[in-house]
Amino acid sequence: MSDSASASAASPAAPLLEVRSATRRFAGLVAVDDVSFSLAPNEILGLIGPNGAGKTTLVSLVSGTLAPTSGEIVFEGRRIEGLPAFRRAHLGIGRTFQIMRPFPGLSVLDNVAVGALFGRGGGTRTGLAQAREEARACLDQVGMGAQAGQRADQLGGPGRKRLELAKALAMQPKLLLCDEVMAGLTHVEVDEVVDVIRQVRARGIAVLVIEHVIHAIKSLSDRLLVLHHGEKIADGPTDEVLRSDAVIEAYLGKRRA
Amino acid sequence: MSAPPAQRADAPQTPDKPQAPDKPPTWRRVAAIVVFAALAAVPWLGSDVLVQFGINALLLAVLAQAWNVIGGYAGYASFGNSVFYGLGAYGVGIAMVQWHLPFAVGLALGAAIAVVFALTLGWAVLRLRGHYFAIATLGVAQVMAAIVSNVELAGRNVGLVLPPLNDDRLFYWLALALLAAATLSVAWLTRSRFGFGLIAIRENEEGAAVMGVHTTLYKALAFAIAAFFSALAGGIHAYWITFLDPESAFDISLNVRMIIMAVFGGPGTVLGPIVGALSLSAISELLSSEVTNIAGLFFGVVVVAAVVLMPRGLADAVRGVRLHGWGYFARNVKAHRL
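Sequences listed follow chains A and C, in order.
Heads up, the first sequence is in our numbering, so the first residue is 1 and it goes up one at a time.
Heads up, the second sequence is in our numbering, so the first residue is 1001 and it goes up one at a time.
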């Protein structure tokens, strides 16, 4: 106990996640090109960039769905780029998918219970009843308590987005990777999800958010990372990054003189 | 049916109903015990023909139930289960004929070989999905028959003749006990973390992995469980008919039958495969005694009708009819545009 206390005191800003020169090639395409960044515990990092910039690929490299062609990924001081996805889940990395991956034939509640049964540490709950209890709490948190008994494939798009979030939350992650959980939601729904992510951070969880909804990302992110053609073109405080020429250029094209 | 805790309401794939607590209702347990007792009493009450029919039907039900673990729960349509059956049969055959060991040792030997084979094979082919997995396992069955035909110890392609034991009652009870054990295992599966992991794999493998399910290990274990029960069924069958050769031991059509039976009854449910196996065995038996020549044709019609009217099996049909009335069947026909 004194050990961990002194360790955290010695390096208060030790990053939770550090990505070093990560590169991922698909045949001829370099989807992620030599990208490095770090994420502190308790930080919300926004990840933006035009379509095809490599955002989802980068998240997949961290979650273990894809292996990097080269580079290192360090989580809590430990290299994880060689670990399969389920081991990373046990370490405390939870993600949502942009193209949702629900368990269609299961109830919404059981979809989320999978996270409680298998997530961080190999699952915080071993009994089905307990896992469902925990799943219910996660569903309530994202405002889906009423749909717990429905089959997941009966949900509409917005419901599935929230389900993805609840599934990841039930894993009790230390790092939550959100891949466009707000796309296609109404204004009100976006604000609700923003609230949820704030609550998540308040519990000490670091969050990486990919998002196109710019007002959401602005109000959420402590820091912003911008990808363009697989390369990192900006990394810094949100307002600063959004004002930078490189970012405006990437989104809108070159400013005429 | 040796129906153990049949907690349909608790099985994860029945979200229509409110989530029941983990314990199945008492009346189901009572019903299960009554049915089991009735089946166990058959050798005292029924004719020899019925007992012989029973042995076959019960062993097929074991095979369907074993297939249910890998095919119904994990969602991997295996055509390799008849290999496990064959290995179990040869385990008994070789142990008893070549080494003069007792039947029980042969059973254990066959089951052990099948489990080791399933784990080895599984590690390689369970990376394949969908059709590719089916084709790969299909190939294994062919190869295995060819290999065994050339092994002196296994009697090459002539086969082995086992010492006869004319005690159908014993075989019947063995088959029934095995079915009970397989079904209890599946019932445990539906309430366990392991079974939940298998279902998650079936529903979305990548999603399961990202949520922490060790997919490779889970699939291999499911394959091994299927192999274990299939091999025991093969061993009992071999000793009962006292003869085996590569062709009958590694018969692909047996694998097709177990799939049809499991799917007919309801894959991914505790009782579906048993109901499917027993009812289809009975239908097939009736047809072949009533209309001998074209029995196969009628059997085909029954299967096609079942697939069209209740594509998710009998178990789902029973629930569907309770929920939507007879319109359930019309719904299925419409849903699949047939």
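If you're looking for bench data, these hints aren't it; they were derived computationally from the structure.
Any given hint might turn out to be false.
What the hints assert, rightly or not - Now the in silico label distances, taken between C-beta atoms and shown as ranges:
{"#": "1", "chain 1": "C", "residue 1": "GLY1130", "chain 2": "A", "residue 2": "GLU133", "range": "32 to 40 Å"}
{"#": "2", "chain 1": "C", "residue 1": "ILE1294", "chain 2": "A", "residue 2": "GLY122", "range": "52 to 60 Å"}
{"#": "3", "chain 1": "A", "residue 1": "TYR251", "chain 2": "C", "residue 2": "LEU1128", "range": "36 to 44 Å"}
{"#": "4", "chain 1": "C", "residue 1": "SER1288", "chain 2": "A", "residue 2": "PHE26", "range": "55 to 63 Å"}
{"#": "5", "chain 1": "C", "residue 1": "GLY1139", "chain 2": "A", "residue 2": "GLU133", "range": "42 to 50 Å"}
{"#": "6", "chain 1": "C", "residue 1": "GLY1139", "chain 2": "A", "residue 2": "ALA202", "range": "51 to 59 Å"}
{"#": "7", "chain 1": "C", "residue 1": "SER1253", "chain 2": "A", "residue 2": "GLY52", "range": "49 to 57 Å"}
{"#": "8", "chain 1": "A", "residue 1": "PRO104", "chain 2": "C", "residue 2": "GLU1285", "range": "31 to 39 Å"}
{"#": "9", "chain 1": "C", "residue 1": "LEU1153", "chain 2": "A", "residue 2": "PHE26", "range": "19 to 27 Å"}
Backbone N, C-alpha and C define an ideal beta-carbon position, used for all residues, glycine too.
Legend entry - Cβ distance range 36 to 44 Å for A/TYR251 and C/LEU1128, holds or violated: Because 42 Å falls inside the window, the suggested range holds.
Legend entry - Cβ separation of C/SER1253 and A/GLY52, checked against the hinted range 49 to 57 Å: holds, 50 Å
Legend entry - Consistency of beta-carbon spacing, A/PHE26 to C/LEU1153, with hint 19 to 27 Å: violated, 50 Å
Inset, instruction - Check the following: the C-beta atoms of C/SER1288 and A/PHE26 are separated by a distance inside 55 to 63 Å. - result: holds, 57 Å
Inset, instruction - For C/ILE1294 and A/GLY122, compare the CB-CB distance with the range 52 to 60 Å and indicate the outcome. - result: holds, 56 Å
Inset, instruction - Note whether the CB distance of C/GLY1130 and A/GLU133 lies within 32 to 40 Å or breaks it. - result: Distance hint for C/GLY1130, A/GLU133 holds at roughly 35 Å.
Legend entry - Pairwise beta carbon distance, C/GLY1139 to A/ALA202, judged against the given window 51 to 59 Å: Roughly 55 Å apart at Cβ, these two residues keep to the hinted range, so it holds.
Inset, instruction - Could you say whether the range 31 to 39 Å given as a hint is met by the Cβ separation of A/PRO104 and C/GLU1285? - result: 38 Å Cβ-Cβ, so the 31 to 39 Å window holds.
Inset, instruction - Evaluate the given range 42 to 50 Å for the C-beta pair formed by C/GLY1139 and A/GLU133. - result: holds, 46 Å
Hint compliance for this structure: hint 9 is the single one not met.
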